[in-house]
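A.B. asks: Construct the complete structure from the given sequences, taking the supplied hints into account.
Line by line, the protein sequences are chains A and B.
With numbering that gives the first Met the number 0, the residue at position 267 of the first sequence is 266, and numbering never jumps.
With numbering that gives the first Met the number 0, the residue at position 228 of the second sequence is 227, and numbering never jumps.
Treat the hints with caution; some may be incorrect.
Per the computed footprint, the stretches of chain A lying under chain B, defined by three or more beta-carbons under 8 angstroms from a beta-carbon of chain B, are [unchecked claim]: (1) 197-211; (2) 214-226; (3) 245-254.
Result set (DSS-like, lysine-lysine): computed pairs, CA atoms no more than 30 angstroms apart in a straight line [as the list claims (entries may be wrong)]: (4) A/Lys247 with B/Lys257; (5) A/Lys187 with B/Lys72; (6) A/Lys215 with B/Lys272; (7) B/Lys71 with B/Lys110; (8) B/Lys247 with A/Lys247; (9) B/Lys110 with A/Lys72; (10) B/Lys110 with A/Lys187; (11) B/Lys268 with A/Lys247; (12) A/Lys268 with B/Lys85; (13) A/Lys257 with B/Lys247; (14) A/Lys268 with B/Lys110; (15) B/Lys188 with A/Lys188; (16) A/Lys257 with B/Lys268; (17) A/Lys215 with B/Lys247; (18) A/Lys187 with B/Lys187; (19) B/Lys188 with A/Lys187; (20) A/Lys188 with B/Lys187; (21) B/Lys215 with A/Lys272; (22) B/Lys268 with A/Lys215; (23) A/Lys110 with B/Lys187; (24) A/Lys247 with B/Lys272; (25) A/Lys268 with B/Lys247; (26) A/Lys215 with B/Lys257; (27) B/Lys71 with A/Lys257.
Calculated directly from the structure, the hints in this document are not laboratory data.
In this text, a Cβ means the ideal position worked out from N, Cα and C, and glycines have one as well.
Protein chains: 2
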Amino acid sequence: MITLAVDCMGGDHGPRVTLAACRQFLDHHPDARLLLVGLADSLQSFSHDRAAIVPATEVVAMDDPVEVALRKKKDSSMRVAIQQVKDGAASAAVSAGNTGALMAIARYLLKTLDGIDRPAIATQMPNATGGATTVLDLGANVDCSAEHLLQFAVMGSALVSVLQEGGEPTVGLLNIGEEVIKGSEVIKKAGELLRSAANSGDLNFYGNVEGNDIFKGTVDIVVCDGFVGNVALKASEGVASMIIGALKTEFSRHIFTKMAAIVAYPILKALMKRMDYRRYNGAALLGLRGLVFKSHGSADAMAFEQALNRAYDAARNNLLDRVRTRIAHAAPLLAPADAQPQPGVAATAQ
Amino acid sequence: MITLAVDCMGGDHGPRVTLAACRQFLDHHPDARLLLVGLADSLQSFSHDRAAIVPATEVVAMDDPVEVALRKKKDSSMRVAIQQVKDGAASAAVSAGNTGALMAIARYLLKTLDGIDRPAIATQMPNATGGATTVLDLGANVDCSAEHLLQFAVMGSALVSVLQEGGEPTVGLLNIGEEVIKGSEVIKKAGELLRSAANSGDLNFYGNVEGNDIFKGTVDIVVCDGFVGNVALKASEGVASMIIGALKTEFSRHIFTKMAAIVAYPILKALMKRMDYRRYNGAALLGLRGLVFKSHGSADAMAFEQALNRAYDAARNNLLDRVRTRIAHAAPLLAPADAQPQPGVAATAQ
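C.D. replies: Below, the structure is given as structure tokens:
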């Protein structure tokens, strides 16, 4: 039996969406149990023999500053959900709430794994092969060192090898075009570290990749600084929205184009399904001593259920142990990136 | 009469494309003259009363390292074209060649303007308003300081106010989501500098924007580090290609979808036109003591002509003087970003 703790209050829609998703999830997973965390009043209507309500008296708002979420709302549904993981009552927590708050609370309660300086956020983006590319970091960390990028690569490899069939997943380092071959100093050093890690069998390093490779599906995992990852993700969403918007505009222009839209409808529907970000909902917070998954705040029930599925798969396949084992194996390369350099220590940074 | 120097050998297709574009351009611009730079043999077939051939004996290959282009090929078509600008024989140079080489040669021959540490590459991307967003930097500079970002903002404002109708263009600083409000230290400092510049009337600062705002058209100009800009551009191209590819796949799936494609063809054509990156071809190299425009290497004649148009508009509207004036006005804010601070020295450059 896999038990997940669900922050039912998070996201733009709260229990209306999360509870609907929880019911679908329970129907699809007979070996799963859910701890529904939230305001008692909001959850009391829900009843299922594999669900238990865990009351919390506060809710982290989508626009709450991290400090408020962390220090003032100590009985928030988000925090209580993560506490279930810490206490061993649940194998993973899922929330659609405020990302910054979720990361801060998760980090505060669960702590990072040995060898990990900073947790990362990993998400999947659909690619042209019909599969998905896992990208990390997605905004948890700005100003990353080369060692941080290596840690992301190792954690991402553990995640993908758990969630995806096939051999050892390939890792690409996000860099700028071949023409301007320089890259930043951090990226160049990260490339060296990743090559070393490949040589020691810690990961399957493909080499540098560019922004478009995320969507070509050149590699299974793309590693980048959180700032760059966040911009790439949002720019991509922006382009997709623009194209879909333009398609709608062109098809609704006049009577003939509207008729064409009717004819083309099944094709457009298939296209939308292919591009549907909801299918890839559920970002993993990696590097913590416990599993936490983040749903998009605007998720509907179908999307939120995907995040639950992802947490379930990760828990069932012991993602945490796998990350821990891989990190331990790569430890000689994972020097303490945030620590001060010490005499006699070969590789430190920042 | 506006004279442009054209590197006819650059790009994936060379004279076949560039000469065709030059002829179209001359037909459309009766007050323009072209200096066609390249191997004499390759250009001799071209004849026009407003075009002169300027021979060069070497060609910078698309994969030539910057050092080779700069130091070994001193009579390359790229270099001779830029030399025309330096000598005052042409008002602007246009090349579809190797970006790194073009930037290096342009910087070496023309030098940067007073107050500018690093030239930037500015391009336009189509947005959902039907217009375009100018983004800089696009890969010329990695590891930018806050002062560099301010310089980009001032130069971008000059460019857009020359190429686009309307009032003072708005500038957004590319940052990560509101939820994770931190941003990097450099970005936070850049935000302060941009606010100061807005207060002193040097630019119209909108505030922070995110990756998707590039395509929403939230602001006229988006300013970012060259690494981030390059990734955002390429990721966007990747998504657009993926969606177009998926549309083609879905429409060609079987006989019914192929029939639907015929019906939908005019709509899809209108969509492609809207999204057509060729319409926005022609990136400006800003911050130099001369005008240089870069065409996409894969440009066809229509796209290369767009780059010529852009250079023509910039030259006709005295972009160089406008950038110079604006930079001079903003000089008190444009501290020497690459230099060590020196007592009593207000503004120097690399």
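A.B. asks: Would you mind marking each hint as holding or not holding in the structure?
C.D. replies: Taking the hints in turn, this is what the structure says about them:
1. 197-211: holds (count 3)
2. 214-226: holds (count 5)
3. 245-254: Satisfied; 5 residues make the cut.
4. A/Lys247 with B/Lys257: Measuring from Cα to Cα gives roughly 20 angstroms; hence the hint holds.
5. A/Lys187 with B/Lys72: Given that 30 angstroms is the threshold and the Cα spacing comes to 28 angstroms, the pair holds.
6. A/Lys215 with B/Lys272: Cα-Cα ~23 angstroms, so holds.
7. B/Lys71 with B/Lys110: holds (19 angstroms)
8. B/Lys247 with A/Lys247: holds (17 angstroms)
9. B/Lys110 with A/Lys72: Outside the cut-off at roughly 57 angstroms; violated.
10. B/Lys110 with A/Lys187: Roughly 28 angstroms separates the two Cα atoms, so the pair holds.
11. B/Lys268 with A/Lys247: holds (13 angstroms)
12. A/Lys268 with B/Lys85: Cα-Cα ~55 angstroms, so violated.
13. A/Lys257 with B/Lys247: Holds, at about 20 angstroms.
14. A/Lys268 with B/Lys110: violated (53 angstroms)
15. B/Lys188 with A/Lys188: holds (26 angstroms)
16. A/Lys257 with B/Lys268: holds (15 angstroms)
17. A/Lys215 with B/Lys247: holds (16 angstroms)
18. A/Lys187 with B/Lys187: This hinted pair holds, its Cα atoms lying about 25 angstroms apart.
19. B/Lys188 with A/Lys187: holds (25 angstroms)
20. A/Lys188 with B/Lys187: holds (25 angstroms)
21. B/Lys215 with A/Lys272: holds (23 angstroms)
22. B/Lys268 with A/Lys215: Since the Cα atoms of B/Lys268 and A/Lys215 sit roughly 23 angstroms apart, the hinted pair holds (cutoff 30 angstroms).
23. A/Lys110 with B/Lys187: holds (28 angstroms)
24. A/Lys247 with B/Lys272: Given pair A/Lys247, B/Lys272 holds - Cα atoms ~15 angstroms apart, limit 30 angstroms.
25. A/Lys268 with B/Lys247: holds (13 angstroms)
26. A/Lys215 with B/Lys257: Holds. A/Lys215 to B/Lys257 sits at ~25 angstroms (cutoff 30 angstroms).
27. B/Lys71 with A/Lys257: Not satisfied, since the Cα-Cα distance of roughly 59 angstroms exceeds 30 angstroms.
Hints 9, 12, 14 and 27 from the earlier list are contradicted by this structure; the remaining hints agree with it.
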